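**Student:** Protein chains in written order, with this note's numbering: chain A, 4 to 279; chain B, 22 to 290.
Simulated from the structure, these hints should not be mistaken for laboratory data.
All figures in this text were calculated on a predicted structure; none of them were measured in a lab.
Any given hint could turn out to be false.
[To be verified] Per the computed footprint, the stretches of chain B lying under chain A, defined by three or more beta-carbons under 8 Å from a beta-carbon of chain A, are:
no., region
1, 58-67
2, 162-169
3, 181-195
4, 210-218
5, 250-263
Ideal Cβ positions, reconstructed from N, Cα and C, are used throughout, including at glycine.
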Amino acid sequence: MAALVLPAGLLVLLLLVAPMLLLARISLNQFSPTEMMVEATTAANYLRAIQDPYYQQVMATTLGVALGCTLLTLALGFPAAYWLARMQSRWKSLATILVLFPLLVGNVVRAAGWMALLGNEGAINAALKGLGLITTSLPLLYNTGSVVTGIVAVVLPYMILTLASVIESIPRQAEEAASNLGAKPFTVFRRVVLPLALPGVAAGSVLVFILCMNTYASAVLLGGPQFKMMAPAVYDQFVRGNNWPFGAALAFILLGVTLLLTVVGSTLLGRKYKTA
Amino acid sequence: MSMPAPSRLLFHAVVAAAFALMLAPVVMVMVISVFRQEIVSFPPPGLTLDWYVNAWDRQEFARGFVSSLQVALMATLIGVPTGTAAAYAIARGWLPGKGAVNTLLLSPLAVPGVVAGTALYMFYLRAEFWIDADITATLHGLVAAHVLLTIPWTVRLVSASLAQLDRSAEEAAANLGARPFTVFRRVTLPMMRPGIVAACLFSFIQSFENLELSLLLVGPGRTTLPVAMLSYLEFRIDPTLAAVATVQILLVGGLMLLTDRFVKLSRVV
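Please build the complete structure, drawing on both the sequences and the hints.
**Tutor:** Laid out in structure tokens, this is it:
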């Protein structure tokens, strides 16, 4: 039996664990403009990343966008998940496939779609001009709004599928009992559906938050050159800056902050789940 | 829940907005791929399919498409068998440290593509130095990286289908005298098929559309389709790129419909 696990286990050890250990080691090295990298054991890269106002700003943007997108995705995704979970007609499998399909199409393709919709000559500006509502194009692309729109669209399917599977397991009778006893629809939602769906809310939000923190394509293509989030900043250090130790430190800071907030978030939600 | 009319309206508006957000960009890309004018403007002056020919003539897209197909196929061929074997052993075996092994195999899903991609890039450069052969910007380098996508997806999907299996069928076969291998081949394996089919679909597509893991591992001679599209899109969106994206959309859609004939996708995920 152990032999069956070995090939997959060794592949992950070789291709993920070993490279991560190497990256951790590199993050403690010293950058040298002439030799690229000097062996050392220093926390200087981490300290620089934490103290540099530029990277503080990049991290603040990333956190703000990720938190905002997670909340927005939850607000949009919950009704959609409820609708999907309570659907009984033969269209249900089609609706599920319509949620799954954009998820599988890929981030770059969907970012391209948003560029065509939001650009100066894009569909939305053209429609507004055609209706005579505006004369000059609205700057819809290359700002925080376009990045948030793009990210929410990318992560919505994950949220909906996670929530729908949990809502499906909530017996309909629980809701019917509450409304038969005189609870208004909003009370049924707040006192019955939401508490029972909290594990799904926690799982979906954590998954979506991690995806948002690590956004690359949406940030680069819909944010433009001025808009900086952490994932593109990490790559820049390797591609343009060639400062490997600093790039490695940035990567671990991104990973650490994401994990920390994920743990804090799930603990808080978990506590709420117990008291609810 | 029976809701009063205004709330019901709001509820359905939010549901519609969620679906519009998910589907609008996909539909938009397909629409502009047939616009006649190179500079996208609405309404289009006419329609044409010439951009599809133009896209194939551009080497970066044609080569990227072939590369992505090769990488996705090979990563699936490596990841699905190894992942399935591991998932079977974890679900049915007497394995010490099962939980830890399971966590290890699923861990590539938890490490962001950006971090794993940079780590692999550094690792490849170090390994190139040791073995004196190219790994970055090669097919096998990319395939190895994408195995990190196919193994966890396979383990997750096959484990889920194994968990739903009724073990009494296996026990019945064994009680009727079937040898362990026969039980596996004639009972367990057929029941695992939906999970394995879904694992193939997800592995292939996750690899085909992956950007973050591949960004640093491509090179002048060897790029993947998403990376080629990204560098083109940093300058403009035009019908040529939309045509490339549409081909990817149709490929994914086709694979989904094909898979759906064998396993109901709405039940797998």
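**Student:** Confirm or reject each hint.
**Tutor:** Going through the hints against the structure:
Only residues whose C-beta sits within less than 8 Å of a C-beta in chain A count toward coverage, and the region 58-67 of chain B has 5 of them, enough to reach three; the restraint holds. Under the rule that three or more residues need a Cβ within less than 8 Å of chain A, the assignment of the region 162-169 of chain B holds, with 4 such residues. With 0 residues having a Cβ less than 8 Å from any Cβ of chain A, the region 181-195 of chain B misses the three-residue criterion, and the hint is violated. Chain A is given as covering the region 210-218 of chain B, and this is violated because 0 residues of the stretch bring a CB closer than 8 Å to a CB of that chain, at least three being needed.
Here's how the region 250-263 of chain B fares: 7 of its residues keep a CB closer than 8 Å to some CB of chain A, so the rule of at least three is met and the hint holds.
In summary, the structure is inconsistent with hints 3 and 4 from the numbered list given earlier, while agreeing with the others.
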